[in-house]
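Participant: Here is what each chain is made of, one letter per residue.
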Amino acid sequence: MSFKFWSKFFFYSIVSFFTLIASINYIVNPYNIFNHTLFSTFIKTHEHTVSARMTDFYTLKHTDPTNLIMGSSRVGMFNQDIFQKYLGKNTYTLAMPGSNIEEQSQYLIFMIKNKKLKNILWSLDFFSFNPDLPNDDGFSYNRVDSSAFEKDDYQIALFSLQTTKNSLNTLVDNIELLFSGQEPKDDKLLLRESIDRYLTLSPEDIDKRTRIQLQYYPEKFLKFATFNKPESIQENLLKVKKIIDLCEEKNINLILYTSPVQKSFLDLYQTLGLGETFHSWKKELTKITDYTDFCTYNSVTDNPYNFVDGTHIMPNFGELIFAKIFHDPSVDVPSDFGTYVPKDSQRTP
Amino acid sequence: MLFNSYIFIFLFLPIAFFVYFYLNSKRLTTASKAWLVFTSLFFYSWWNISYLPLILISILFNYSITSTMIEYDEKKKKYFSKKALLQIALVFNIGLLAYFKYMDFFISNTNLVLSLEIPMLNLALPLAISFFTLQQIAFVVDSYEGLVEEKNFLDYTIFVTFFPQLIAGPIVHHSEMMPQFASKWNMVKNYKNIATGLFIFSIGLFKKVVIADTFAKWATAGFDHAEALNMVEAWATSLSYTFQLYFDFSGYTDMAIGAALLFNIKLPQNFNSPYKATGMIDFWKRWHMTLTNFITTYIYTPIIRSFKKLTFHKAMLATVIAFLIAGLWHGASWMFVIFGGLNGVGIATNHYWKKYKFKMNKVLAWFITFNFVNITFVFFRAKDLDDALKVFEGMFYGQVILYDKLESYLSFLTPLGVRFDDVLSDIGGKAQTIVYIVLAFIITLLLKNTHQMAKEFSPSRLSLGVLLILAIFAISKVSSFSEFLYFNF
Numbered sequence: 001m002s003f004k005f006w007s008k009f010f011f012y013s014i015v016s017f018f019t020l021i022a023s024i025n026y027i028v029n030p031y032n033i034f035n036h037t038l039f040s041t042f043i044k045t046h047e048h049t050v051s052a053r054m055t056d057f058y059t060l061k062h063t064d065p066t067n068l069i070m071g072s073s074r075v076g077m078f079n080q081d082i083f084q085k086y087l088g089k090n091t092y093t094l095a096m097p098g099s100n101i102e103e104q105s106q107y108l109i110f111m112i113k114n115k116k117l118k119n120i121l122w123s124l125d126f127f128s129f130n131p132d133l134p135n136d137d138g139f140s141y142n143r144v145d146s147s148a149f150e151k152d153d154y155q156i157a158l159f160s161l162q163t164t165k166n167s168l169n170t171l172v173d174n175i176e177l178l179f180s181g182q183e184p185k186d187d188k189l190l191l192r193e194s195i196d197r198y199l200t201l202s203p204e205d206i207d208k209r210t211r212i213q214l215q216y217y218p219e220k221f222l223k224f225a226t227f228n229k230p231e232s233i234q235e236n237l238l239k240v241k242k243i244i245d246l247c248e249e250k251n252i253n254l255i256l257y258t259s260p261v262q263k264s265f266l267d268l269y270q271t272l273g274l275g276e277t278f279h280s281w282k283k284e285l286t287k288i289t290d291y292t293d294f295c296t297y298n299s300v301t302d303n304p305y306n307f308v309d310g311t312h313i314m315p316n317f318g319e320l321i322f323a324k325i326f327h328d329p330s331v332d333v334p335s336d337f338g339t340y341v342p343k344d345s346q347r348t349p
Numbered sequence: 001m002l003f004n005s006y007i008f009i010f011l012f013l014p015i016a017f018f019v020y021f022y023l024n025s026k027r028l029t030t031a032s033k034a035w036l037v038f039t040s041l042f043f044y045s046w047w048n049i050s051y052l053p054l055i056l057i058s059i060l061f062n063y064s065i066t067s068t069m070i071e072y073d074e075k076k077k078k079y080f081s082k083k084a085l086l087q088i089a090l091v092f093n094i095g096l097l098a099y100f101k102y103m104d105f106f107i108s109n110t111n112l113v114l115s116l117e118i119p120m121l122n123l124a125l126p127l128a129i130s131f132f133t134l135q136q137i138a139f140v141v142d143s144y145e146g147l148v149e150e151k152n153f154l155d156y157t158i159f160v161t162f163f164p165q166l167i168a169g170p171i172v173h174h175s176e177m178m179p180q181f182a183s184k185w186n187m188v189k190n191y192k193n194i195a196t197g198l199f200i201f202s203i204g205l206f207k208k209v210v211i212a213d214t215f216a217k218w219a220t221a222g223f224d225h226a227e228a229l230n231m232v233e234a235w236a237t238s239l240s241y242t243f244q245l246y247f248d249f250s251g252y253t254d255m256a257i258g259a260a261l262l263f264n265i266k267l268p269q270n271f272n273s274p275y276k277a278t279g280m281i282d283f284w285k286r287w288h289m290t291l292t293n294f295i296t297t298y299i300y301t302p303i304i305r306s307f308k309k310l311t312f313h314k315a316m317l318a319t320v321i322a323f324l325i326a327g328l329w330h331g332a333s334w335m336f337v338i339f340g341g342l343n344g345v346g347i348a349t350n351h352y353w354k355k356y357k358f359k360m361n362k363v364l365a366w367f368i369t370f371n372f373v374n375i376t377f378v379f380f381r382a383k384d385l386d387d388a389l390k391v392f393e394g395m396f397y398g399q400v401i402l403y404d405k406l407e408s409y410l411s412f413l414t415p416l417g418v419r420f421d422d423v424l425s426d427i428g429g430k431a432q433t434i435v436y437i438v439l440a441f442i443i444t445l446l447l448k449n450t451h452q453m454a455k456e457f458s459p460s461r462l463s464l465g466v467l468l469i470l471a472i473f474a475i476s477k478v479s480s481f482s483e484f485l486y487f488n489f
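Chain order of the listed sequences is R and X.
Reminder that position 47 of the first sequence reads as 47 in this note's numbering, one-by-one numbering, no gaps.
Reminder that position 68 of the second sequence reads as 68 in this note's numbering, one-by-one numbering, no gaps.
Treat the hints loosely; a few may be bogus.
[Stated by the list, open to error] Below, computed lysine-lysine pairings styled on DSSO-like, alpha-carbon distance capped at 27 Å:
hint : chain 1 : residue 1 : chain 2 : residue 2
1    : X       : Lys26     : R       : Lys8
2    : R       : Lys8      : X       : Lys189
3    : R       : Lys165    : X       : Lys217
4    : X       : Lys266    : R       : Lys8
For the record, the hints were derived by calculation from the structure and aren't laboratory data.
The whole structure should be built from the sequences, with the hints applied where relevant.
Facilitator: What follows is the structure, encoded as structure tokens:
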């Protein structure tokens with residue numbers, strides 16, 4: 001074999017191989033990064049991802065919602081129809097598991113600046129204010145900066161072997177669907193199925209899930225160097241304030257509430273020495289906004305079986321949150337579940 | 001622009017290559033050289049165009065001074081003597097490096113010693129300044145010594161900016177580079193060089209993105225959690241960094257050598273299986289060889305010359321001083337000074353050992369050398385002395401934890417303080433970490449290095465198949481941002 005043949009074969013093989021996989025990945029578009037509808041009648045379901053943060057962002061970027069529900073995994077636990085009931089159609093839920101306020105506020109800033117939103121419902125979690133909680137590995141500032149180009153995302157989406165594997169799996173999923181004659185399960189249907197699963201959890205299952213969560217949660221979300229000092233959350237409160245100001249400027253109705261957790265988790269904050277910060281969190285929130293506080297000891301949070309685990313409320317109980325916020329008289333909400341806290345309220349929540 | 005990026009592999013390098021040889025095929029040799037300069041400056045500016053004026057000023061200044069020195073006629077009266085020109089050029093180059101690289105280090109130490117509060121300048125370190133300044137200092141000194149005759153501005157500019165070696169070396173010497181740029185034979189496509197260049201580049205890419213970046217995760221996590229490391233984690237951390245540094249830097253060098261070879265330019269070898277070394281003298285003959293050559297010629301030799309009467313002890317003192325300077329060249333931190341000092345002392349000790357004709361078993365010599373290198377790299381990587389000491393504490397006094405699966409076999413060790421648990425959790429490692437470390441030992445100690453493989457390379461179905469698999473796997477991994485370690489120096 002000559003050096004010339006070797007060189008040319010090597011070069012053209014590499015170029016052909018990567019042109020081929022880039023074309024497949026572009027067409028199949030497993031992470032919804034590319035805003036096209038090629039073969040959309042055939043490729044209906046995309047269930048394989050490398051980074052939920054990345055896929056969520058691009059899916060959101062390519063939609064034009066009027067209403068946005070933002071928060072951690074907790075907002076992803078609810079029947080999405082409930083939001084339509086109170087906010088109307090065209091409502092998008094962005095549930096970012098384990099996200100901190102920095103990540104949530106960055107996504108919100110992007111949406112506020114680039115989309116025509118009317119309402120934002122923002123679920124606030126205590127752990128999200130932990131200044132020692134890092135951004136998720138899949139989070140990227142370039143991605144949410146509309147003036148920057150996040151080339152890494154496009155490179156991963158086009159050239160990575162993992163993406164090619166996901167593209168092929170996506171194709172297999174869609175071929176199976178085609179032959180089964182079934183319609184693909186959209187996000188709503190998948191969510192409803194998972195909600196149904198949660199509703200059938202036995203008390204033993206819930207106890208077990210809570211026990212496991214109590215083991216890893218402090219290490220993962222409440223581990224701190226400074227979080228035990230009340231002033232440590234000031235920076236994150238400023239980020240919330242920035243969103244409030246931006247919404248005012250853009251005439252967007254922003255509704256905030258604190259997400260409920262089981263009584264055992266409220267106790268855990270005290271045990272870990274975070275009681276003062278927890279108290280300060282709500283006190284400082286009242287200085288910048290009004291909100292509805294569900295993160296208290298009450299008849300709902302006192303019963304562990306109203307939860308899927310320690311911090312995720314059962315979907316049917318969760319829906320009480322929105323009935324309370326939107327003053328729905330057709331739903332019977334326990335009177336001690338959810339306290340409306342007006343801005344500058346002197347009342348300590 | 002990084003070598004391990006799609007834009008470099010699929011756009012920049014092919015365009016630079018095809019246009020260069022197209023211009024040469026039309027006998028537009030000046031245009032082809034100008035094209036190489038343009039592509040190199042484009043490559044350099046990709047990170048931050050604000051660095052561009054600095055490198056251009058540095059090139060113009062050094063070229064003007066050296067041209068004057070080359071043409072210097074002792075008989076004609078000039079405003080400046082040749083020696084004064086040399087001094088001006090040295091002050092300029094060292095001053096540039098000192099200002100951008102060491103000013104804040106100097107200020108912080110002055111503040112510490114004199115209890116002052118002089119504000120820091122917080123200057124961004126211009127990319128590659130350490131490398132292009134060194135190369136130009138060598139050119140200036142040799143021009144003064146009368147060792148340079150070439151005076152072609154385009155060749156000089158390519159010598160300084162040639163993109164494969166611009167950012168992190170190998171540190172090239174004008175005497176080996178400028179004749180290559182001037183040679184007409186090098187302006188014709190040479191498929192042997194192209195094939196070998198692709199071969200070397202692919203191996204380098206694999207070393208960087210597959211091996212070095214894997215070790216990087218464990219090394220970074222280990223140094224970030226230095227205070228909590230058990231003994232196994234601390235050793236895994238230091239070894240991960242030792243292997244990361246080698247595969248990262250030698251991978252980069254391979255890519256540089258491979259890319260340059262596509263243009264028929266042969267860059268000098270920079271690594272020769274350094275972890276096979278059986279002494280510190282041997283190690284520095286194998287590790288960052290072009291830096292060792294530079295230290296010897298332009299730091300060690302002038303120090304030696306400055307001694308009126310040279311003795312063995314003075315030569316050893318010169319070695320330690322040269323290595324202290326070389327350490328500081330890596331960065332403005334006492335950690336690098338310690339790293340340089342330790343290596344200098346290591347080499348001096350090795351020389352004394354040889355002088356007094358002590359003998360040592362080769363395996364033991366390798367073991368001591370490797371561990372000494374591994375320990376000095378802890379200083380090289382640590383943010384500060386405290387960090388380094390924490391890693392050492394883990395390595396030598398840390399809790400011994402073994403895999404929980406071994407408990408049933410080794411439970412008799414429990415009374416000795418051995419615990420059975422998840423061994424590598426603090427550095428994000430698993431059993432895979434140990435396997436990688438063992439494989440790294442096998443690769444660095446038992447296999448041929450890239451240079452040796454390239455020498456034996458011949459086009460065959462086997463080499464084509466293996467290289468294609470390596471290259472495809474490596475290129476598909478080039479999807480996240482991962483700079484080379486030596487870009488920081």
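Participant: Is the Cα-Cα distance between R:Lys8 and X:Lys189 27 Å or less?
Facilitator: holds (13 Å)
Participant: Can the restraint linking X:Lys26 and R:Lys8 be considered satisfied, given a maximum Cα separation of 27 Å?
Facilitator: holds (22 Å)
Participant: For the pair supplied as a hint, X:Lys266 and R:Lys8, is the alpha-carbon distance within the 27 Å limit?
Facilitator: At roughly 21 Å apart (the allowed maximum being 27 Å), R:Lys8 and X:Lys266 satisfy the hint.
Participant: Is the straight-line distance between the alpha-carbon of R:Lys165 and that of X:Lys217 27 Å or less?
Facilitator: holds (24 Å)
Figure legend: structure checked against the earlier numbered hints; every hint is met.
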